[in-house]
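S.K.: Heads up: the sequence lines are chains U and C, in that order. Going by this note's numbering, the first residue of the first sequence is number 23, and it counts up by one from there. Going by this note's numbering, the first residue of the second sequence is number 32, and it counts up by one from there.
These are calculated hints, taken from the structure and not from any lab test. Quick caveat, the model's predicted, so the values are computed rather than measured. Among these hints, one or two may not hold up.
What follows is a set of in silico ranges between Cβ atoms, one per label pair, in the way DEER data are often shown [to be verified]:
no., chain 1, residue 1, chain 2, residue 2, range
1, U, S223, C, H114, 24 to 32 Å
2, U, P204, C, K108, 34 to 42 Å
3, C, P36, U, D154, 31 to 39 Å
4, C, G93, U, L92, 34 to 42 Å
5, C, F69, U, P85, 23 to 31 Å
Ideal Cβ positions, reconstructed from N, Cα and C, are used throughout, including at glycine.
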Amino acid sequence: MSLTLAIRIFEVLLGWSLLLQTLEYLRVQSLDRVAVWPILQQEIPARPAWIKFCLNKLFQPRPYKALLGLRLALAIALMLGHIGLIGALLLFLIAMLLLLRWRGAFNGGSDFMTLVAITGLLLAHIVGSLTDSPLGWRAGLWYISLQTISSYFVSGWVKLMRPEWRSGRAMTLFLDTGVYGPLPAKSIFRNPTVARICSWSFTVWEGCFPIALLDVRMAWMFCAVAALFHFLVFVFFGLNRFFWAWIATFPAVLYCSGAKW
Amino acid sequence: MDFTPLLIVAYFALLAITLRKRGGSIEGPWLFFFRAFFPNWKFFHGINLTPRLYVRGQSKMGNWSDWCLVYPRLPLKPQHLVHNPAVNLALTHQNLVDHLANDINDLPDGTDIRERVTYQLVSRLARQAIAGGQWGDRPMMAEEPLRDLSAFQFEVRMEMPGTQSSYLMLQSPEIPT
Chain U
23 MSLTLAIRIF EVLLGWSLLL QTLEYLRVQS LDRVAVWPIL QQEIPARPAW
73 IKFCLNKLFQ PRPYKALLGL RLALAIALML GHIGLIGALL LFLIAMLLLL
123 RWRGAFNGGS DFMTLVAITG LLLAHIVGSL TDSPLGWRAG LWYISLQTIS
173 SYFVSGWVKL MRPEWRSGRA MTLFLDTGVY GPLPAKSIFR NPTVARICSW
223 SFTVWEGCFP IALLDVRMAW MFCAVAALFH FLVFVFFGLN RFFWAWIATF
273 PAVLYCSGAK W
Chain C
32 MDFTPLLIVA YFALLAITLR KRGGSIEGPW LFFFRAFFPN WKFFHGINLT
82 PRLYVRGQSK MGNWSDWCLV YPRLPLKPQH LVHNPAVNLA LTHQNLVDHL
132 ANDINDLPDG TDIRERVTYQ LVSRLARQAI AGGQWGDRPM MAEEPLRDLS
182 AFQFEVRMEM PGTQSSYLML QSPEIPT
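Just chain U, with the same shape it has in the complex:
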């Protein structure tokens, strides 16, 4: 995949992912009666005092909505290819503010991967402004690619080291606890042999993900399986943000796998 094409697809997918997340944040504001800022703010360290003062102002309903509105506009601008250094910096700052608003994460891993992508975007623009744009983008895409591949590699190997995953038992139990669960009584995933085969298949696939860097065809295959995997995670666990957050990083993996060393 050429650098230009990788950048464009990455921007569109990251912008789309941010757009969806932001629309959800806006809706959550009217749904949530639990995680309210007057309680959450107690955890913000008292010093430096100006930070807490600013956050208390910013996370009032109207300014918070305006902040999300700005993020929405930036997401659309990113999709249209109109984000420069300032835009990337703003997206990064808003991401940090959202971490403070939601006790470090609203939706766990998807927030982490979104931050990786935004950091890569910022890195690309900073390095690009100091040297030249292609070098900046190469740095940004490599950062994103290594983080993405690490996420699969770590996730796969920690599971393979656990006996409950090797036996397939863990997969059935986790699927039972999913938000769209439990599994039907006659689900195929209750069959121990099927569960074991599925567990081994996707944990070995995750653990072998660094192989994707060797060849662009391998990278396409790994990314295609990854897309299916994230879709299934959505189907069972409702994690739609994970789907889009990881998909947005695939252009980086595809570019890096085809890069000449």
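Here the structure of chain U is known, so what remains is to put chain C in place on it, guided by the hints.
M.R.: Showing chain C alone in chain U's frame:
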């Protein structure tokens, strides 16, 4: 000579080695908020005791309900792939229960858990659930809520998925509404 491939191989080898080691954790208020900068990428890695929230309520007549599990169960809809605020909110609320369990485990001697933000948030969640709160259009509990609530009480129980194994980690006092 280009050392990039070697560096990449070294990186993943180092990553593999660190997976086998149990490192110390660095803690601090700002680090907690910005832990997203240091993701460990360990999702669903093992079956462990898991905190679950139970709540019961007292009607204005003085009768207490049974203990009810507060746990997100929602129907899958295709449009959730692009817009899923209720489920994501429900998962965030379940995370609060996990964080409260962590706070209880890490509580220094002489400290009152009720001062913790996680306790206050879970208390709000419990009250909302027993009073008929919903995630989207789905109630937070399988059981009927109490409409004439005068007090409520919640428990955090540690349960082993797939077994009946359970122990009580925390029981709140009876909290008037």
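S.K.: Go ahead and decide if the range 23 to 31 Å is satisfied by the Cβ distance of F69(C) to P85(U).
M.R.: 29 Å, holds
S.K.: Note whether the CB distance of S223(U) and H114(C) lies within 24 to 32 Å or breaks it.
M.R.: 31 Å, holds
S.K.: Using the Cβ atoms, figure out if G93(C) sits within 34 to 42 Å of L92(U).
M.R.: 51 Å, violated
S.K.: Mind checking the hinted window 34 to 42 Å against the Cβ distance between P204(U) and K108(C)?
M.R.: 18 Å, violated
S.K.: If I claimed the Cβ atoms of P36(C) and D154(U) lie 31 to 39 Å apart, would that claim hold in this structure?
M.R.: 24 Å, violated
Comparing the model with each numbered hint stated earlier shows that hints 2, 3, 4 do not hold.
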